[in-house]
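Chemist: Sequence:
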Amino acid sequence: MLNTKMDYLLNEASYRMTNEDYDQTLEILDVILKKVPKNYRANLYKGQVCVEMKEYEDAIRYFEEARKVDIKTFKSYNLLGISYHAIKQYDKAIECFNETLKITPNSYKAYNLLGISYFAKEDYTKAIEYFNKSIEINPKYDKAYNNLALFYYKNKKYNEAIEFFEHSKSLDERVFKAYDMLGMSYYKIGSYEKAIECFKRFFQYNSKSYKIANTLGAVYSFLKDYDNAIYYFNKSIEINPKYANAYNNLALVYFNRKIFDKAALYFDKAKKLDVKAFTDYNKLGISYYSKKYYYEAIECFERVIEKNNNAYKAYNFIGICYSSNEEYDKAIEYFNKSIEINDRYYKAYNNLALAYYNLKNYEKAIENFNKSIDIYSNNADAYNCIGLSYYHLGEKEKALVYLNKALEINPLYSNAYETLFSIYFDFEEYDNAMYFADKILELKPDSFKYYGKLITICFNNKRYDKVIEYSEKINKYNNNVYNMLAESYYHLKDYDNSVFYYNKLIEREKSSFYIYNNLAILYYLKKDYDKLVNTYFRYIDNYDINCKLGFAGYNIFLLSYTLLKNNIIRYNDFLDLFDKIFNKSIEFYKAHNTQATLSLYKSMEYNTDLLKLLFENRAEYKNAYEALENILDDNKLKAIKPSIEKIKLYSFEKSINNLNRKTICIEYEAEDTVIIDNVHYDKVYGKNAKFITRDDDIKYESLLYMFASEENNILKAILLKSPSIKSIYFSNDFDDEDIEIIKRIINNDNIKLYKSDN
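Numbered per this note's numbering, the sequence shown spans residues 1 to 758.
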């Protein structure tokens, strides 16, 4: 009964083992072995399960127990040998495989296993012998071919490896698994397309293999197919986010593409994941430098120096970082360290010279650029910078010699052309400047950075079409460019575009009369007279009375009168303009003359009219229309009559003078007084309209100056508040009785009366 139950349990264990239900199998076998520890089948089965579960030491124990129990029946020498091989007891493994061959002399599997153990012992002659014996017995045994292929791969005989891998694959492609090693073999002989094909097949069957995804990325990166490289490196990271090698490789791709911000990001991730294995501090430093993270870059280059104290390039890079951060003294220190280690490294001399150049120590810059040239005579950069240094030292001829030498070395060296362009531009030799601009545009039209200067040259040479063409290359216009565009379109008779750019300029320069005037002329040419008048109104409204530019009120009066005379604008518009100009002129005067009160003098003949003025405590004035009768042209005067009749114009003297027994001098105290100085109108613009440039020597004057006197001692004034008498001055021989009369008439003790000593 016991044997029947035991057989049942053993059969159940065998069934479950066949179905890979190892946990249940072990439970059954443990029950059997607990009762019968030396049960042959139970020990044999448990050894087999342990092999499947890769518990090789336990497997050996159970197999050896089974062999002791029934050595004649025991035939699982291959599994026992595999277990010994797994724990690196290769000699015992070989003994086991040979035992199999005693039982089954044509066991191709045993010969293959023998080959594997001899391979592990590095006895390659016997290994190949047994792999070939296995194939001889069974020419369709793919594992033996694979093992031969691995032998040749490890011995760098890649063509032979490919031959055996391909033969193995041809036997049954459905079970072939060594696509990764076949791909590596193809990669090693430079057959990259086939390598990629193999790696993709491997990845198809092993979609969680982050290492093969990384390998695919590496092959694509080697082929400079960076898009596919990035795809597979990201796949590798997606499968295993902690795989530092993939981050490092991804960083290298971005580094090679000069996308340094991403390179720095992924180098940094690789370093954090495996700081001990990370070695690319030099590239990480360059990436940080390119992102302008200078101190982080310096730390990386210092790590390079820690590993190699003679890393002169790292010292040079640290100097470059300090230079880029404008710490030139520190930069000089590190460039000198680089030179100490390698005094033939011309780049360090170049960078040292640039540091001195930036410190404006041009003599030292020239000295070190020359040392660089002594090492590398075809150094166009050095010749260019020596030229620049001599230019800054004011030695133009020497500068030109070195710049031309740079071009002799490299006719495509755009930096020298740029320097020559700038020099000739600064010296206003525009023909030469234009020649070099054309050269630069030939070489690198998309990165030309002197369009502003080039537009100025074209404008000065009246090449207006080129001004427009080159302006399209500028991202941001300044006022000068807007002005040149507006004038260029004007000269090309494209008035609509000229109007557009003058309006743009007005948004930025609200108080510049020449812009409004030119815009008005354009509207005149377009016969849009309403907009013409509106342009002058815009100027008056927009004008900032606190700005330093003069208010062109008188100019607008002259221009608008000309337009009125020619029936171009309406009379009411003319008068509205005049009134706005007059009021703005008053505002302008008050903003620029802050004196609260001032004294004004008026000498008058002693008579009844004078006594009446004194009694009323006021000053004598004239209607502005009367005051202008002998000054202004009759037609102009009639035109402005409705506006100026209400203006009171006063006439005063600058000091007390001409006192005698028949005259007195009244000193008035006045607030809100507009004093109109004497002026000359020789350069006042407006009598004839014309197009004005920014640099024209034009005088802009306030409208108030039309009331000015040409007499040296006379002041004309407009009083916004009535003046009051402050003092009265008499000559020494003035009649005292008359003074008494005046005193009684004014009847005001605050008004002081003075008699001259003369």
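Mixed in with the good hints, there may be bad ones.
What the hints assert, rightly or not - Below, computed lysine to any residue pairings styled on SDA-like, alpha-carbon distance capped at 20 Å:
1) K584 / I506
2) K548 / Y495
3) K646 / N607
4) K531 / Y495
5) K109 / K140
6) K531 / K580
7) K313 / K371
8) K462 / Y435
9) K276 / E302
10) K54 / H85
11) K75 / K109
12) K636 / N567
13) K752 / E740
14) K755 / S722
15) K462 / E429
16) K439 / E469
17) K590 / F707
18) K54 / S107
19) K641 / I656
20) K548 / H592
21) K313 / E340
Said to hold, decoys possible - Label pairs and their calculated CB-CB ranges:
22) D496 / K462: 40 to 48 Å
23) D438 / K188: 31 to 39 Å
24) K444 / D261: 18 to 26 Å
25) E626 / E587: 43 to 51 Å
26) K444 / N378: 15 to 23 Å
27) D672 / K752: 17 to 25 Å
28) N159 / P445: 21 to 29 Å
29) R257 / F427: 18 to 26 Å
30) L720 / I568: 28 to 36 Å
31) E193 / K242: 26 to 34 Å
None of these hints come from the bench; they were simulated from the model.
All residues carry an ideal CB built from backbone N, CA and C; glycine is no exception.
Chemist: Decide, hint by hint, whether the structure agrees.
Modeler: Verification of the supplied hints:
Note on K584 and I506: the hinted pairing holds, with a Cα-Cα distance of about 19 Å set against a maximum of 20 Å. Of the supplied pair hints, the one linking K548 and Y495 is violated, its CA atoms being roughly 30 Å apart against a limit of 20 Å. Among the hinted pairs, K646 with N607 is inconsistent with the structure: their alpha-carbon atoms are about 28 Å apart, more than 20 Å. With a CA separation close to 14 Å, the supplied pair K531 and Y495 stays within the 20 Å bound.
Between K109 and K140, the direct Cα distance comes to roughly 12 Å. Compliance with the 20 Å bound is thereby established for this hinted pair. With a C-alpha separation of about 17 Å, the suggested pair K531 and K580 falls inside the 20 Å cut-off, and the hint holds. For a cut-off of 20 Å, the pair hint linking K313 to K371 stands: about 18 Å separates their Cα positions. Among the hinted pairs, K462 with Y435 is consistent with the structure: their alpha-carbon atoms are about 16 Å apart, no more than 20 Å.
Proposed proximity of K276 and E302 is supported: the alpha carbons are some 16 Å apart, at most 20 Å. Restraint check: the Cα-Cα separation between K54 and H85 comes to about 12 Å, which is no more than 20 Å; the hinted pair holds. Pair hint K75 plus K109 holds up; C-alpha atoms about 14 Å apart against a cutoff of 20 Å. Note on K636 and N567: the hinted pairing holds, with a Cα-Cα distance of about 14 Å set against a maximum of 20 Å.
Annotation: proposed proximity of K752 to E740 holds, straight-line Cα distance about 13 Å (limit 20 Å). Straight-line distance between C-alpha atoms of K755 and S722 comes to about 26 Å, which puts the hinted pair past the 20 Å bound. Between K462 and E429 the CA atoms are separated by roughly 15 Å; this keeps the pair inside 20 Å, and the hint holds. Simply put, K439 and E469 have alpha-carbon atoms about 17 Å apart, close enough for the 20 Å limit, and the pair holds.
Only pairs whose Cα atoms come within 20 Å are accepted, and K590 paired with F707 is accepted, the gap being roughly 17 Å. Restraint check for K54 and S107: the C-alpha separation of about 23 Å exceeds 20 Å, so the hint is violated. In summary, the hint linking K641 to I656 is not supported, as the alpha carbons are separated by about 34 Å, beyond the 20 Å threshold. Of the supplied pair hints, the one linking K548 and H592 holds, its CA atoms being roughly 9 Å apart against a limit of 20 Å.
Taking the CA atoms of K313 and E340, the gap is about 12 Å. The hint holds against a cut of 20 Å. At roughly 21 Å, the beta carbons of D496 and K462 sit outside the given window of 40 to 48 Å. For the pair D438 and K188, the supplied restraint of 31 to 39 Å is violated, since their beta-carbon distance comes to about 52 Å. Checked against the hint of 18 to 26 Å, the C-beta distance between K444 and D261 comes to roughly 24 Å, which is consistent with it.
Taken as a hint, the range 43 to 51 Å is violated for the pair E626 and E587, whose Cβ atoms sit roughly 26 Å apart. The supplied range of 15 to 23 Å is met by K444 and N378, whose beta-carbon atoms lie about 21 Å from each other. D672 and K752 have their C-beta atoms about 23 Å apart, which keeps the hinted 17 to 25 Å range intact. At roughly 51 Å, the beta carbons of N159 and P445 sit outside the given window of 21 to 29 Å.
At about 42 Å, the CB distance of R257 to F427 disagrees with the hint of 18 to 26 Å. Between L720 and I568 the C-beta distance comes to about 34 Å, which sits within the given range of 28 to 36 Å. Here the CB-CB span from E193 to K242 is close to 32 Å, well matched to the stated 26 to 34 Å.
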